[in-house]
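Using the hints, put the two standalone chains together into the complex.
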Amino acid sequence: QKEVEQNSGPLSVPEGAIASLNCTYSDRGSQSFFWYRQYSGKSPELIMSIYSNGDKEDGRFTAQLNKASQYVSLLIRDSQPSDSATYLCAVTSTSGTYKYIFGTGTRLKVLA
Amino acid sequence: DAGVIQSPRHEVTEMGQEVTLRCKPISGHNSLFWYRQTMMRGLELLIYFNNNVPIDDSGMPEDRFSAKMPNASFSTLKIQPSEPRDSAVYFCASSFSVGELFFGEGSRLTVL
Chain A
6 QKEVEQNSGP LSVPEGAIAS LNCTYSDRGS QSFFWYRQYS GKSPELIMSI
56 YSNGDKEDGR FTAQLNKASQ YVSLLIRDSQ PSDSATYLCA VTSTSGTYKY
106 IFGTGTRLKV LA
Chain B
5 DAGVIQSPRH EVTEMGQEVT LRCKPISGHN SLFWYRQTMM RGLELLIYFN
55 NNVPIDDSGM PEDRFSAKMP NASFSTLKIQ PSEPRDSAVY FCASSFSVGE
105 LFFGEGSRLT VL
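Heads up: the sequence lines are chains A and B, in that order.
So the number in the numbering used here is just where the residue sits in the first sequence, counting from 1, plus 5.
So the number in the numbering used here is just where the residue sits in the second sequence, counting from 1, plus 4.
Calculated lysine-lysine pairs in the DSS-like style (CA-CA distance at most 30 Å, straight line): (1) A:114 / A:61; (2) A:61 / A:72; (3) A:47 / B:82; (4) A:114 / A:72; (5) A:47 / B:28; (6) A:47 / B:72; (7) A:47 / A:114; (8) B:28 / B:72; (9) A:61 / A:47.
Source of the hints: derived by calculation from the structure; they are not laboratory data.
Here the structure is a predicted model, which means the values were calculated and not measured.
Just chain B, same shape as in the assembly (with noise of 0.2 Å):
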């Protein structure tokens, strides 16, 4: 079976350029998280969907950052305009309800 899809893998790009994360969640799974890695901050959830509804965007951390699911096989995390601040690697995983949490491979961006 098709685990969580993520594209790109890498992203460089420069200060102030749009960035778009894509995610492909398991399919079955209603729950969709969109996570942020550093080393200085560990996992932080920046939102999460349920049944394609925003449910919690708490995490997100500025009016630069956005996510839309539009249906239940896809969802994306904007970014505009991009910051260094945000060079991080970028998870998406899926869930049935709040059972069993898959992560994708993750994005990693790096803003020049």
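If we strip away everything but chain A, and leave its shape as in the complex, we get (with noise of 0.2 Å):
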């Protein structure tokens, strides 16, 4: 079982829709949760960290995080096409020492 696990996509959803992208996790000790957002040939781009069960919401990016089933999700509100990118899910390790496990990300196509 992988630490991090997203389906890979491609997530199409039309311009103005709820894309909705999914993320679970195999450590239960884990702390702190992370959504980047890459683009084609880019560095990932931190959008949003959550730390405690509940939803966190930044202007059109809801993030949500259940500990009890070990899943965090990220709702992208009213799609743009520029949305369009891989959305990595990154959650810290506490199996001795703190590290970033990243999922392999979920491509998103936002349709004009």
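Right, dumping it as structure tokens:
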């Protein structure tokens, strides 16, 4: 079982719709969770961080964390073509040392 | 504020040559990470440092890879000798403790 799992996609949504991206993780002790956006040929860019159960909103983005079920999700409201990118979920591991483990990413396509 | 600075941005070399990648973390950050990204394997953690000390190098593929952090503002990742399978994008990232992780623009390595 991979430590952080994401559906590779592509996830296609029409412009203006809500895009829902999901991530599950295996380390129950994980404390910090992050979503990154990566455009083709560019470096990962931090979008959201979340540390406690529940929702956290920032503009069009909402991160949701459920530690009991070990999943974290990202909602993008009013999706725009410029949101088309790969979205990476990252989780800090507590197995002896703190390090950031990334999922393989979900490719999002927003259709104009 | 300056972000994480990596050099070179692109490196093309021949098999067997030594490659040195460089990184300057964000000032004030005390953790530095080296990642490698390929289409097949995604973003893999190679090694990370905390307060200039290597904490976890379990991701370093083999003895051909080495990394150093002689001071808080500089780190190197060296591959000697390089092989075609080392071709990838190498990212350096830094954080303060287990807070938000910020990436450099990456070094794209091609080994012929």
